[in-house]
Amino acid sequence: MRRWFVAMRATARIARRDAVRSRGRTALVVAMVGLPVLVASGGAVLVQSSIPTSERQALEQLGDSTQAWIVHPYDSPVVQDAYGLASKVVEGVDASGPGSAETAIRASLPAGDDLVAKYLTPGAVSSDAGVVMVGVKSLSPADLPRAARADLVEGVWPTTAGQAFLTTSTASELGVGVGATISVATRTGDSPSVLEVVGVGAPQGAEPGAAGITVPLGSIPVANTPVGWFVVGKVPVSWDVVTAMNQSGLVVTSRAVVLEPPAVPAVGSPGGKPWSVATVGLVLAAATIGLLEAVLIVGPAFAIGARRSIRQLALIAAIGADTVTLRRIVLLGGVVIGSVAAIAGAALGIVGAVAVRAIAVARGSTGFPDPRIPWLIVVAMALVGFFVAVAAAWLPSRRSGRIDVVAALGRRRAEASPSRRVPIFGVLAVTIGVAAAVVGAVTSRSALLVMGVVALQIGVVAASGGLVTLVGRLAPRVGVAGRVALRDASRQRGRTAPAVAAVIAAVAGVVATGTYLHSKEAFGESQYVPTAGAGTVLVASSMVDEWGDQVHMAGDAEVRRGAESVRQAVDGVGVAVVRAAQPVNGGWLASLRPPDQECPADSSARDPRCNNLESLQISFNPVRDGQYSPTELVDEGDTVEAIGLPGADAAAAALRAGKVLVDPRALWPDGTAHLQINDGSIPLPAPVVVPAAAVKRLGQFGTVLPTAVADRLGLEVDTVGAVVTTAAAPTDAELARARSAVFGRAEVFVERGYSDDTPIYLWVLVAAALAIGLGATGLAMALAAAEFRPDLATLAAIGASPRMRRRVAAAQSAVVVVLGVGLGTLTGLALGWVLVLAARADEPDLAVAIPGPQVLAIAVGIPLLAVGGSFLLTRSHLPVTRRLAT
Amino acid sequence: MTGRQLGPVLLTARGVTRVHGEGATAVRALDGVDLDIRLGELVAVMGASGSGKSTLLNIVGGLDTPTTGSVTLAGDELSALDARARARLRRRAVGYVFQDFNLIPALTAAENVSLPRELDGIGGRTARAEARAALREVGVDHLADRFPDEMSGGQQQRVAIARALVGPRRLVLADEPTGALDSTTGEDVMRVLRARIDAGAAGLLVTHEPRFAAWADRTVFLRDGVVVDGTGRRLEPWSLQAAGSI
Ligand SMILES: Nc1ncnc2c1ncn2[C@@H]1O[C@H](COP(=O)(O)OP(=O)(O)OP(=O)(O)O)[C@@H](O)[C@H]1O
Ligand SMILES: [Mg+2]
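Residue numbers (the working numbering), protein chains in the order written: chain R, 15 to 900; chain Y, 1090 to 1335.
Possibly wrong hints are sitting among the right ones.
[What the hints assert, rightly or not] Anything over 12 angstroms on all C-beta distances counts as not near chain Y; from chain R, calculated:
#1 V34
#2 P155
#3 L298
#4 T545
[To be verified] Simulated DEER-style distance windows between Cβ atoms:
#5 Y:T1156 with R:P804: 28 to 36 angstroms
#6 Y:G1164 with R:G424: 22 to 30 angstroms
#7 R:V278 with Y:R1214: 51 to 59 angstroms
It is worth saying that the hints were derived from the structure and are not from the lab.
Here the structure is a predicted model, which is why all the values come from computation and not from measurement.
Backbone N, C-alpha and C fix where the C-beta goes; we use that ideal spot for every residue, glycine too.
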């Protein structure tokens, strides 16, 4: 063990000093590995810092002057965490009998403390300047100053009913100050309570902008039970008191407990929806691809390092190192560089994020309450970076173990000749990988999917070496520069192959990601059903008021008035009312399908005939007498035109010709629709046959009837809303004005069309691919140039033109980049296809959509830039030729 | 240099043949070479370029393996050893000195010298002490903490000789150690090498220059992989032995 350690230390010394000596290469790898670690760990710190700690959340709930906050969510015993943020019912224990929560609290309340009930009433608070919806807190007047959790800035605390305390932000929103009058409506129809503002102040806690109104009990109507109780007084509420209260289903946040939390097991709060098998597979596959790409991209730097130090390795072998030791020196290089990169990346990430947070806080941001470091994630990121570096050094280390020591010492080609089996293995791996990945994706077997993806990627890289040799055979058929480059590439596979692999990895990763994202986007767009033409404003009469109570339907005149005020607010062009119909006795109007459009009994799930007919996408559904939801539009063409979807003109023409607009699947061969009122009567009335038209993609209107047909069917027609056409999509400010113009009476929304932000991030990916692809090529070129200098000198000596050097360099990078980009694009498309297949388990209609311009930009851009760059950046005149320094 | 007291045989090569490649392109780099080296003996190998000198050196140090024939080094028959065991033998019994690029650039002189010991698992303190001693023997102990690029060519070769004979190592295999040096420095290096061998070691020295070969106890001539005498005739083993005792 000791001997091993001594030998290891000597090996590590060489690896470490080598890393320091070849500074440029080391810095490159450290940057490649460290930067992602830095970004990831810094981001994790910022995200974590944006989440308030349990302690802070709890203390904010308590404000500065209360002992505890108690809520009563359950009737049976519970367990809770120290902060009162998570709790769950104890299974198998019966409810703790009758008795009010307040009695239960008082039974355990420390002597000397008081209880303050807090009531919360949603209210529409209005002043001359506007209306805000806010939860109005009611507290007993005596305890209000202690339980309002705010600091008075101006005025006094309310002492009697009819007075109100406002937070500064609410006061400024309403444009009021101390002495002003506000009215608070808590129910439609009830007359609002008129209150006098006597105090304005800042809420205690991180959110100085928090809205809030606190009033003494009796100022406004309140619910029967409070939302919770504050404990005020001098005596702290201990953990024993908390657990005692838990027995009655009470959950307690106690200052004393929060400040010195007892060691209690975490209470699992209900988490989000667990991931589906398909999602897990997808995430695993994506993560694996990402790691693999990273390893392949970092790999060439180590391969080149090992190549450059091949004579040194041979010398060490002559001194008495065995194969294992040689491998270890190269691998330890990965360990040294990997740990530096990982530690530096994580440390700088943390420091940077903490600094960014500090600056943000200093500039008044409340988004980052405490600096928090998610150590687990940071360490995981650092480990991933370390792993990538070590894995990238692994393959070069294997090769270093197989160098021909005698040849290296004699300055001959010393790399072990590449095995013929590797390309064959590669082709096999690609075949098996594709098969496994497809089967895994289709059957949602994550393990198979991930294995397949890995095999595919590794296979392509393994086979690429063989391809390099194959293209080397073309050498006799091309010009001098090309011949030299092709021969060199295939004879120096140890240099060419890692560069090709890195380009493959970069391109494949980006093309796969791009294809997957673009497919998702294209699918989203195809699934998106607009409610109206872009920029059109829809006004729908409300069926419920802001307290959730049903209200009476607005009449035609009122709707028109509202629509007109909306039009003015958004600077609209025109207004068309929306009318809708329903059978007099309730029920609905059904469009019967012709027999050949019925869903066959033995149908497959994908048969479009088995989908429901489309129905109205716009929610114009006000309620009359508690049960009215019309779904059929009644229109002479004007409304359809105003809504302005594609095909509106044809639809309007059909309506004006007296035809009914139906879903294409409900159009009978003779151009009629068979409409049947389904109001529950038995037997149902006979269908009415009317002339009809189907307009493609306008099925989203459901059935649209001309007035004459609605009358003939005996339907009741009401005005349910309006469409406001605009010259340009309204701004948020205009929309806000429109909303307050019809506050409480109608909903206002605007159709903005499908928003597609894909191109931007796809182009970011393309830029990344360009950077990495060019970097890998450049690295290979730099090394090739150094190794090639003596040969070029020879070429020059026998009379080659000075431009030859440039042409050779260009041809050399062409070999690397054309192979890499070509294989990378194909691999990327295959990977993207597999990812889409895997995602199909959750979204069966997802189809592969290739981001053409971006793929083209990569496939053409990288080769052009690389070849052009090599040509231009290579000096055509040789510096004094020296023997290659080792 | 007759009358020198020679020790036991350290290296024996018998019928060593090395063929590179196959068929028509096969090259016989060595063809039936026999050689003995005793403790206290420095044997020079001369011959034209491509005559197989380096090949011989590589084979007797276990870096290369003969196509046929046997090499016995410090009592171990090399063909019976696997690569690992041969590496171990190189750490413990023989050291190479090449024409240039002898020292690992990342290590100081002392670290270079102690490397074979440390690779062998000999602890830092012992290895350092041995390295110091070895450096002192060749007169460069004041350079112990210098890196190779801070030393002259002659100094580097001295360090290489120190490393070749550090600890228990007794056999130096030197492939044109003076090739990259001017003649004065070359003489210095030869003097050091000779002194170290007289102090209880053995050496095989490849050189082009008779001037340096003169430092050896005897000279072996190679031509096209075959040991010949100074006139170019093939030597039988017995005459080789005889040549050693001229
Ligand atoms: N790996 C190899 N493949 C083919 N032939 C080889 C190989 N290594 C050496 N040779 C040949 O073996 C012969 C002996 O080579 P070696 O290097 O031993 O000669 P040398 O005497 O050391 O020459 P020099 O004085 O130039 O160093 C030469 O003809 C050489 O071309
Ligand atoms: Mg030689």
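Structure-based check of each hint:
1. V34: The claim breaks: V34 (chain R) does not keep its Cβ more than 12 angstroms from every Cβ of chain Y (closest is about 8 angstroms).
2. P155: P155 (chain R) is indeed farther than 12 angstroms from all Cβ atoms of chain Y, at 81 angstroms.
3. L298: L298 (chain R) clear of chain Y: closest Cβ-Cβ about 40 angstroms, beyond 12 angstroms.
4. T545: Check passes; 70 angstroms lies beyond 12 angstroms.
5. Y:T1156 with R:P804: 28 to 36 angstroms: holds, 32 angstroms
6. Y:G1164 with R:G424: 22 to 30 angstroms: The hint (22 to 30 angstroms, Cβ to Cβ) holds, given that G1164 (chain Y) and G424 (chain R) are roughly 29 angstroms apart.
7. R:V278 with Y:R1214: 51 to 59 angstroms: Cβ of V278 (chain R) to Cβ of R1214 (chain Y): about 54 angstroms, so the range 51 to 59 angstroms holds.
Taken one by one, the earlier hints fail for this structure only at number 1.
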